[in-house]
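Residue numbers (the working numbering), protein chains in the order written: chain F, 21 to 614; chain D, 14 to 688.
Think of the hints as simulated: they come from the structure by calculation, not from any bench.
Fair warning: this is a prediction, and the values are worked out from it, not measured in the lab.
For every residue, glycine included, the Cβ atom is placed at its ideal position computed from N, Cα and C.
There may be inaccurate statements among the hints.
[Unchecked claim] Output of the computed footprint for chain F on chain D, the stretches with three or more beta carbons under 8 Å from beta carbons of chain F:
1. 82-94
2. 235-246
3. 256-262
4. 280-294
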Amino acid sequence: MSGSKVKKNNTGNRSSMETLKKVLRIIGHYRLLLAASLLLALLTVVLQLYVPVLFGDAIDQIVSPDSPGMSEISSTLVMILVRVLELVMISSVGTWVMNMINNRLAFRTVMDIRARAIRQIQVLPLSYLDGHSSGDLVQRIIADTDQLSDGLLLGFTQLFSGIVTIAVTLGFMLSKNVWITVMVLILTPVSFLVARFIAERSFIMFSKQTAARGRQTALINEFTGNQKLVKAFGREAKASARFKEINEELRGYSQSAVFFSSLTNPSTRAVNNVIYALVALAGAMLIIKGHLTVGGLTVLLAYSNQYMKPFNDISSVVTELQNALACAARVFELIEAEPEQKDSEAVLENHGGRVVIKDVAFSYDKSKSLIEGFNFQAEAGTKTAIVGPTGCGKTTFINLLMRFYDTDSGNILIDGQNIKDVSRASLRHNYGMVLQETWLKNGTVRENIAIGKPDATDEEIIRAAKESHSWEFIRRMPQRLDTVINDDSLSQGQKQLLCITRVMLCLPPMLILDEATSSIDTRTEVMIQEAFDKLMQGRTSFIVAHRLSTIRGADQILVMKDGRIIEQGNHETLMVKGGFYKNLYNSQFAETAL
Amino acid sequence: MRKLLSYLYDYKIESVLAPLFKLLESLMDLLVPLVIAVIINKGIGGADNGIILSNFGLLICLAFLGMAFSFTAQWMAAKASVGFSAKLRQALFDHIQGLSFRELDTLGTDTLITRMTSDINQIQNGLNLSLRLLLRSPFIVFGAMIMAFTIDVRCALIFAVAIPLLSIVVIGIMLLSIPLFTKVQTAIDRLLGLTRENLTGVRVIRAFCKEQDEINSFDRLNDALTHMNERVGRLSALMNPATYLIINTATILLIRQGALRVQAGALQQGDVVALYNYMAQIVVELVKLASLIITINRSLACARRVSDMLDVKTSMEYPSYTQNTDNAALSGLAAPYGSMVLSPAAASSQLTAAAVATGLPYPGSVSGTSSSSETAVCFDHVGFSYASSSDAVLTDINFTAMKGQTIGIIGGTGSGKSTVVSLIPRFYDVTSGSVKVFGQDVRSYPEGSLIEMIGIVPQKAVLFEGSIRDNLLWGNEKASDTELWESLETAQAAEIVKGKEGRLDAHVEQGGRNLSGGQRQRLTIARALVKKPRILILDDSSSALDFATDLALRKSIAALPGDMTVFIISQRASSVRQADRILVLDDGCQAGFGTHEELLDGCAVYQEIYYSQFPDERPKNISGKNAGSANKRDSVHGDSAKQKKGAHANDRDAKTVDERGIRDAKDEIRKGVIK
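Whole structure, please, built from the sequences with the hints as guidance.
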């Protein structure tokens with residue numbers, strides 16, 4: 021058991037070291053600040069530890085009335101106290117400056133990493149983004165970077181000052197009394213062991229608690245998120261019962277976890293108190309024998325109390341560091357992920373938009389083929405409809421047209437230019453796209469509409485909105501175009517209308533409509549259809565839709581199934597052919613005769 | 014707020030003992046400097062090993078006693094705080110189960126989830142710390158000062174000045190940073206929102222080539238957050254140096270004063286050491302206290318929010334005489350699972366019993382008139398508005414659905430289709446008029462009894478984590494596998510389940526992620542059918558199905574035995590065309606109610622919808638290009654629905670004859686094709 025564990029640790033350490041190096045590289049131009057911070061840490065720690073020594077000396081200067089003295093306190097004492105005051109002031113200022121530097125270091129690093137991450141997001145291939153949940157990526161960019169800076173940078177400085185504290189303390193203690201120092205040194209590990217013993221026990225409890233809490237949160241999300249459904253099926257009592265089960269389980273684990281983890285402090289404190297008592301005992305004996313002064317004992321007592329603190333700090337910093345390294349590794353995995361293939365500088369020249377697809381093969385999962393031997397031509401200004409059952413590859417087709425994904429083999433040509441040979445931006449500028457899943461950014465209506473044409477005037481925007489029939493509801497909003505909206509504030513139909521308005525405003529030469537009208541009611545659909553008809557005039561358009569009535573006017577119909585084009589032609593020829601399309605089409609008529 | 018304390022009632026002993034033991038522990042800590050003083054003054058001063066040894070023993074005793082007290086306190090605090098939060102969480106969850114749709118709408122899912130998770134965790138944390146430390150820290154601080162006074166009043170005066178000064182600095186910095194922290198949190202939330210937007214909208218951003226814009230706005234927020242963070246940082250960076258300065262200055266004064274007093278013979282050297290030690294204890298505790306205040310402050314805010322939520326009362330009132338029936342029904346549902354498994358015979362008999370029970374009309378309607386026994390659902394001049402907006406969502410809806418009928422509901426986005434059906438199971442109470450189910454006002458049904466008769470397939474197809482069987486059993490806990498398969502067949506979902514490993518036991522991931530939209534939709538239909546409802550509501554539940562499947566689904570539902578009344582909301586005219594009656598809604602008003610033929614004759618809104626989807630059936634005299642222009646004219650001129658209606662009404666008379674002729678001919682052709 022131990023052998024494998026050690027091995028794992030080694031490889032873990034190696035990758036940790038690599039991550040650490042990367043972090044150091046990231047903080048690059050803050051290197052000076054880091055050095056200054058460490059220097060100040062050294063200074064303040066030494067000063068702060070020296071102060072008790074001076075206090076000890078001061079206490080030794082306190083003389084009782086029976087010793088030959090005067091009414092004045094000794095000038096040595098005053099001198100010492102003035103000295104202390106100076107040091108305290110220097111160290112206060114030093115700590116303050118160090119804190120400021122550490123803040124800057126931590127916050128700037130996070131800022132830099134986040135800025136890099138968001139740039140990375142823009143150039144990562146969609147296969148990466150589709151392969152990771154957005155929640156997970158958000159977590160990396162926001163929470164993990166925080167953890168990284170808190171844990172790694174501040175942890176690092178804490179670790180440093182902790183080590184300095186221990187070393188300097190030992191030095192001062194040795195200067196006071198060797199034997200007591202040795203005794204403290206020998207006893208220190210006891211407190212360490214106690215803390216570790218408790219940490220190990222509570223770690224098990226914490227893992228159980230975390231797992232139970234995770235299950236409970238999932239349950240809460242599921243049930244409360246669908247509370248109406250729970251009520252619609254009268255499942256309230258069952259839901260409560262199920263919740264109670266997991267809630268009780270969590271209570272059990274939580275109680276143990278909270279209890280065990282709260283034992284660390286009292287236990288180590290008890291050990292420290294014992295050490296403290298031993299120092300007092302030994303010190304008192306040594307004073308009687310004349311090997312130590314009362315001031316010296318005071319210093320030793322103060323140190324024996326303080327001495328443990330950096331140890332505790334270090335152990336907590338170490339766990340923090342490990343955690344931070346794990347977070348850092350996640351952040352770097354994102355930042356260093358392979359970006360999209362380098363873009364060509366060439367600009368796509370549009371001569372009407374003739375699209376040719378030659379022998380295209382593509383699949384998401386390279387072990388399973390999805391699209392193979394895809395050949396197709398859309399003449400400039402024609403309308404192509406894509407139909408087929410769910411999962412037939414229609415969305416994939418769009419991913420390829422827009423170069424969200426690159427083909428595995430074969431080429432897509434627009435007006436004779438291979439889309440891989442022109443910049444993605446110029447390709448995408450030529451397309452107007454309305455996706456199945458509407459997306460609005462948090463901002464004003466104007467910002468959302470003018471996304472493709474930021475310099476559009478209000479008249480242009482309103483005209484586009486009127487043409488796509490979104491003006492009717494925008495008009496009724498409190499601040500019209502300046503109304504701030506987000507994904508939740510509009511109905512699905514309204515969102516879709518806004519997405520259509522976006523395209524309406526840019527009037528790109530080619531269109532991609534992905535089931536754009538599926539969630540809008542038919543009356544609105546009529547209006548949109550009309551607007552689209554206008555939009556599609558003279559534009560090469562690709563429409564993915566369930567509604568056969570909307571695609572009958574298409575110049576070409578692609579019938580897709582299992583990633584292949586199984587039929588191709590216009591409505592009439594396909595009906596005559598009597599294949600899959602005819603079946604699909606007839607089902608609409610068969611039902612009206614029911 | 015006070016109500017929350019009642020959840021602590023079970024742990025009242027622990028809640029009192031925890032801080033008490035904590036006090037005992039800190040008392041031990043406070044005694045240490047005194048013992049040290051004795052060692053120095055008497056032991057060392059008198060060179061008495063005995064005194065030194067006995068006091069050393071005392072120190073050891075104090076250490077272990079302190080540990081024992083502390084352990085006890087920690088255990089009590091953990092037990093009380095965790096127990097309290099568990100009870101509170103359960104109470105909150107149960108409370109939410111009792112809320113009606115209206116409250117759920119107002120509160121919002123996110124809020125509910127936050128209250129139950131992070132807010133309650135925060136409260137638990139706050140309570141735990143309060144029980145342990147709230148008394149301890151002030152006790153040590155003031156205890157130290159009092160001890161100082163017992164040693165020497167003049168020296169203790171330094172304490173009396175230093176402690177308030179320290180408190181002001183520590184608590185002041187904390188208080189000043191709290192609002193800044195809130196601002197930081199807001200800034201983080203905004204950055205987080207933008208990041209999420211970038212990820213969910215990546216296709217749109219790339220399609221519009223807005224990558225650089227997004228980077229710019231991210232940088233802006235990122236900068237703002239960093240500046241905010243640095244501002245808070247500057248403030249909290251003061252904490253350590255300031256307290257350090259104060260405490261050490263106080264110590265300097267203390268030693269100077271102590272030296273004077275020793276010289277005056279009023280004090281001994283050991284006493285000065287004791288005073289010095291007390292001073293050291295104070296800082297640590299003050300810092301602890303300050304961070305504790307922040308935690309408690311935060312927990313109190315959370316507690317207030319949770320308490321507010323518990324105060325939300327359901328707006329639904331149920332007839333009081335049904336209270337007993339209600340309880341009986343609930344316990345009847347919940348109790349017999351254990352025995353059920355053992356005897357399938359008992360299960361089925363119980364099932365029929367349950368069916369009979371739910372089938373029975375409720376008090377009063379048993380001897381109802383024959384007409385009410387024929388009607389399933391009746392809307393009587395119904396008006397409705399959601400709580401959040403005062404605008405009427407529905408106005409004067411009037412229709413009757415007979416038993417066994419299929420009612421189609423069609424209309425534009427926001428026309429109120431879903432609202433109409435949500436009134437049938439009384440998810441909301443009408444604002445005016447009444448809704449009757451089986452002749453009985455929905456408001457007179459006891460809680461939970463109405464819902465048992467109604468099967469609902471919501472727009473959003475949601476499944477829960479568990480097996481497919483678990484999900485289907487939502488409809489009816491006691492359904493046999495045979496019944497489940499029957500429902501799956503009807504819902505056209507049997508093939509899906511047969512294709513899964515483990516079939517009914519196949520695992521459904523949270524939210525049904527591992528199923529496609531169409532598959533989920535069919536399974537949710539099956540789930541509603543398992544209930545064997547007397548009224549089935551399909552709220553646009555076939556949107557993700559292709560036409561063939563949609564058709565097969567409606568055929569098999571129509572073929573089900575019994576007189577189930579079915580409501581179908583759809584945006585496809587083809588889906589509601591065969592319904593016995595169709596309710597046409599337009600902006601919350603009833604634009605028509607009747608058969609397909611009747612509506613095609615007399616309802617302009619319906620005509621518009623229908624012909625937009627079946628342009629071939631549009632009467633020939635206005636077909637083709639003319640139809641397009643007619644349509645256009647409508648939408649240009651007709652700003653309000655009424656105008657549109659008017660325009661159509663004028664056209665209608667001219668159309669009617671041709672229209673019918675063409676349709677009849679088409680029907681003939683179609684029948685031919687089918688044969």
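Verification of the supplied hints:
1. 82-94: holds (count 8)
2. 235-246: holds (count 7)
3. 256-262: n = 4 at 8 Å, threshold three: holds.
4. 280-294: holds (count 8)
The structure agrees with every numbered hint stated previously.
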